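Between the sequences and the hints, there should be enough to build the whole structure, so can you do that?
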Amino acid sequence: ADAREAARAQYHSLGQLLAKACLDGFIVPLPLSTAFFALVRGDAVGTWGLPAPGATGGIVAAYARLCLDANGAGEEELAAPEAGAEFAARYLGAGYEMSIADYLEALGQPTFVCPVTGAPLEDGGDSREVTPANLPDYVRAVMAFWFGHGVSEQIEAFREGVRSVFPFERLLSFHPGELRSLLCGTARIEWEEWELQRHIHPSAGLTRDTAPYRLLVEELLRMGHAERAQFLDFVTSCPHLPPSGLETLEIEVAPQQPQLRIPTSQTCANKLYLPAYRTAEELRAGLHTAFANAAYGGLHERTR
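Taking my numbering, I'd label the letters of the sequence shown as residues 1 to 304.
Hints were generated in silico from the structure; no laboratory data involved.
It is possible that some hints are incorrect.
What the hints assert, rightly or not - Ranges between beta-carbon positions, derived for each pair:
#, residue 1, residue 2, range
1, T210, A295, 26 to 32 Å
2, G124, A52, 29 to 35 Å
3, G245, L23, 16 to 22 Å
4, R163, S33, 32 to 38 Å
5, S164, E195, 34 to 40 Å
6, A295, R163, 16 to 22 Å
7, A89, A280, 39 to 45 Å
8, A295, A144, 35 to 41 Å
9, R4, E77, 32 to 38 Å
10, A133, A89, 19 to 25 Å
Keep in mind it's a predicted model, so treat the numbers as computed, not measured.
Yeah, the Cβ is synthetic: ideal placement off N, Cα and C, and Gly gets one too.
Structure below.
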């Protein structure tokens, strides 16, 4: 009972936090899923909401895909696969082949419990073995636990937290993906050169034609998503983009003090101090050093 009450309190606080941040024009870059926001809206969540194979609990998505393919009708209807149906290579991306029956046996014949917490999914679930014949039942039981009765109290607590700040019904105007972007930002960071030129501003003697600025723009275009998130986190203290993108941030780039060879930043002002790098290699090394050591302090909130 204490654990359930603690979980409700945490989700109530989470709802309050996201709602207050939204009112103030901020995002909270938590890795909340689209499925979570679908549940918050009261929408049904199907197999699409399961974590991908390889993620925590992702084995259930692999089971679901096998059962969907066994149905063969191209619909969201699960069917029991043949015991000899190939599973490991096709659905887990493993470098070996293994049938679903052999795979379950290799796991020690799992039972009807949550693959993450070990909680029984039904009365006596910890003694009911998962087999190819009842695999669809297992997938449905997990989904009911993850997307239904197992989280209903937490979801309602989240809604109540939002209601303590503004009417919850305001969120219903947005689709689940839109809610995720609105409240948590955009985790997949995309930008074009014209956006960088328009919303990253050189100042204090730097211009769009000076080498450090040009090298920075080129590096930001080259970066993968993980590095772009590190850049945003270093300069703005948030690794996600707001829903409207860079135009909300309007990042300023100013010259670094001559004796310093590592970038520093003022996250409260979205301002980056950039050394006078002459090559892409120098700039890349400086940024990587700054990103790797930012958490240890001394590279943020610098004033001139």
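Each hint tested on the structure:
1. T210 with A295: 26 to 32 Å: 30 Å, holds
2. G124 with A52: 29 to 35 Å: Given a distance of about 30 Å, which is inside 29 to 35 Å, the answer is holds.
3. G245 with L23: 16 to 22 Å: Holds, at about 20 Å.
4. R163 with S33: 32 to 38 Å: Hint violated: Cβ distance 22 Å, outside 32 to 38 Å.
5. S164 with E195: 34 to 40 Å: Because 37 Å falls inside the window, the suggested range holds.
6. A295 with R163: 16 to 22 Å: Between A295 and R163, where Cβ atoms are some 35 Å apart, the hint is violated.
7. A89 with A280: 39 to 45 Å: Given about 41 Å between the Cβ atoms, the range holds.
8. A295 with A144: 35 to 41 Å: Once the Cβ atoms are compared, 40 Å apart, the range 35 to 41 Å for A144 and A295 holds.
9. R4 with E77: 32 to 38 Å: 33 Å, holds
10. A133 with A89: 19 to 25 Å: 22 Å, holds
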